[in-house]
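Participant: Protein chains in written order, with this note's numbering: chain A, 1 to 396; chain B, 1 to 396.
Don't read these hints as lab results, they were simulated from the structure.
Be aware that a few hints might be false.
Which copy is meant is left open, because identical chains are indistinguishable; a pair holds if it fits in one copy or across any two.
As the list claims (entries may be wrong) - Computed list of lysine-lysine pairs in DSS-like fashion (alpha-carbon distance at most 25 Å, straight line):
#	residue 1	residue 2
1	K97	K143
2	K143	K131
3	K380	K310
4	K2	K118
5	K70	K35
6	K119	K380
Here the structure is a predicted model, which is why all the values come from computation and not from measurement.
There are 2 protein chains.
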Amino acid sequence: MKVNTEISAVEEVLTRGVQEIVVADSLKKKMLSGKQLRIKHGVDPTSTDLHLGYAVVYEKLRQFQELGHKIVFLIGSFTARFGDPTDKGKVREMKTKEAVMEMAKEYIKQLGKIIDIKKIEVVYNGNWYDKFSAEDLLNLMSKFTVARMLERDMFQQRMKEAREIYLHEPVYPVLQGYDSVVIKSDITVIGSDQKFNELQARPLQEAAGQVPQDLMMVPLLIGTDGEQKMSQSLGNYIGIADSPQDQFGKTMSIPDSLIYSYFELCTRVDASDLYEIEKQLKSGENPRNIKVRLAKEIVKIYHGERAAQKAEEEFINVFSNKQKPTNIPKFVFREDMNILGIMVASEMVTSNSEGRRMVEQKAVKVNEIIVSDIEQHGFKAGDVVQVGKRRYIELV
Amino acid sequence: MKVNTEISAVEEVLTRGVQEIVVADSLKKKMLSGKQLRIKHGVDPTSTDLHLGYAVVYEKLRQFQELGHKIVFLIGSFTARFGDPTDKGKVREMKTKEAVMEMAKEYIKQLGKIIDIKKIEVVYNGNWYDKFSAEDLLNLMSKFTVARMLERDMFQQRMKEAREIYLHEPVYPVLQGYDSVVIKSDITVIGSDQKFNELQARPLQEAAGQVPQDLMMVPLLIGTDGEQKMSQSLGNYIGIADSPQDQFGKTMSIPDSLIYSYFELCTRVDASDLYEIEKQLKSGENPRNIKVRLAKEIVKIYHGERAAQKAEEEFINVFSNKQKPTNIPKFVFREDMNILGIMVASEMVTSNSEGRRMVEQKAVKVNEIIVSDIEQHGFKAGDVVQVGKRRYIELV
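With the rest of the complex left out, here is chain A:
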């Protein structure tokens, strides 16, 4: 495949939504060389529910792919079994080989919504580490010092808090580094939290007579709450597998301050559009209109143009015209249920206390009438219950 070395295209990939590059000069030279590069991205598949936070990296991989480079998608089928150490809670439990492979399959399927998975090379580090002997591992470990490995932020953090570091944990970055030797990586594209680990590849590659990989770090995406990094456990995420309606609605809920970075990191609008959007935001135009475009751009990537169009219309019906959505889910109720029971049983709310709070906030309506008593009951089939702006059910 012919590699695109057009300077403007290369510059765009090197700068758009990029937080840091190590080593920038070297990376640029590689990209202008005309050689098809091997772009490493490694992942321990521990979740099967990707969100836009992950997509920031995958959009960047897509850009490399469109220039004609080879994406080498490394599944940590070995390393995932004991897991990259985290600064949260306790040491991760080891997983079975089967569980990891199952998640890997699902992961790649979702990845297919962003990059062309027919063109990527998928490799599993179990292919080499499952055959690694204890001696091989000790030999590899002997090339690194304890002090160097403990420099990693997360270990420093743990030590500061007098939390334990188990003996196998500092080995993880070594393995991640050696992966790059095996796959002969030219570049790796990662979230900035992976910088330390991927840096370990460079001396190992050099010792193996390879040109060490350069690192491109993309920023961590802030979640819909506008505060913390997008994460499944925090519930502030927009899922790649979410419905068009959900993606649209969740995007509309982000604070205005995130609009520009979402355009830059999560959409494919081009550089001149980005410039326009920046101008509009500064000019005092209603951010809501700009957000509508953002939401459409996001839905377009994961569900296509038509779904994006429909999601917009739907959103305008429900939220702007305060009409009910066209497609209200049904809920089979029992006649003795009160409003709180219905909300909890239909999963409109996740707990009694959330239900109570919604009623107190006058956010619960039955047939457009605000409910003021959580004990209210005596409902009949056909009644429409609404919680907040977007949650509807019809009783049947």
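Assemble the complex: chain A is given as a structure, and chain B must be docked to it using the hints.
Facilitator: Chain B in isolation, oriented as in the chain A frame:
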């Protein structure tokens, strides 16, 4: 085999030349139980020249063997390849499997001078670790913390001196500990420098449903210089393979302050003899006479009663009666050699500078006449050269 549980015999083994026991109560109970115990002693065969410093442990093993217990002699055929970390210089180089096995063979041969090697069980930890996968190793490592491993004195020392600790080094104690699980060790007998490593066995054995091994630490033997621990590299050692004459002479050269501990740690004289010797030392008897007995006892162990007798006679001839030894080595000289050249070429001295010093100290004689000029030459066959008290050659 019937196990000796006679309380006085057990007490003797538990106390003679013992520095520390973990856990003393438990060990005594095991020894009185009547069960044949598995006594672990592990060694990474890195030297083929054993000396009395090693023999302190082996004498203790012999005592256990004589009570009827099973000595499990563990050769670190795997661990020796990368070596127990030391506080000296740099990290050890990894050795080949072949080199280690070769040394192990020689090691056991020399061991046969002390314990009955037909009755011992020899095991090689390569038997399990050569089959260990990287994953097995990581699993084992995950049971220990970095902090715990770095508590080891030697690592603390290195950190204090800002010397590096390589990532594979803190794994060594874990492997040494797991050895005990595999061989189901009841007790280990070691030099006190191995305490930390052998302690790691206990939690692993407990997790495996075994009664954890107890540890018996014997003291490090002070060398013939009376100052530093006996060691090959310091040259202050009495070798197990040394000739009767050398063992005798070297023993006679130790400072009087070491006589008792050498009797206790390196001979087989019994408790009442030890008591006698202590009394004699205090009574003002000439220590030289007591040392002659010590030297004979040591030679007896490694060369037998007759050799011990002969060595004593020889010693008295040479040193006491200032006669020449009966068996002077020959050296084929060239006529143009001066005295310095002869001393160096015949290896009576190890360097020109040592030769010069000996001449200056009037410690060099030819045919009983003190040499005063290092350039002296014109020697003829039949001349006898003497350096110091014990080095003789005859020119031929």
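Participant: Hint by hint, note whether the structure agrees.
Facilitator: Right, here's what the structure says about each hint:
1. K97 with K143: This pair counts as between: shortest inter-copy Cα distance 20 Å, intra-copy 28 Å.
2. K143 with K131: both (20 Å within a copy, 22 Å between copies)
3. K380 with K310: neither (31 Å within a copy, 116 Å between copies)
4. K2 with K118: within (17 Å within a copy, 73 Å between copies)
5. K70 with K35: within (10 Å within a copy, 66 Å between copies)
6. K119 with K380: neither (55 Å within a copy, 89 Å between copies)
Checked against the numbered hints given earlier, the structure breaks hints 3 and 6 and satisfies all the rest.
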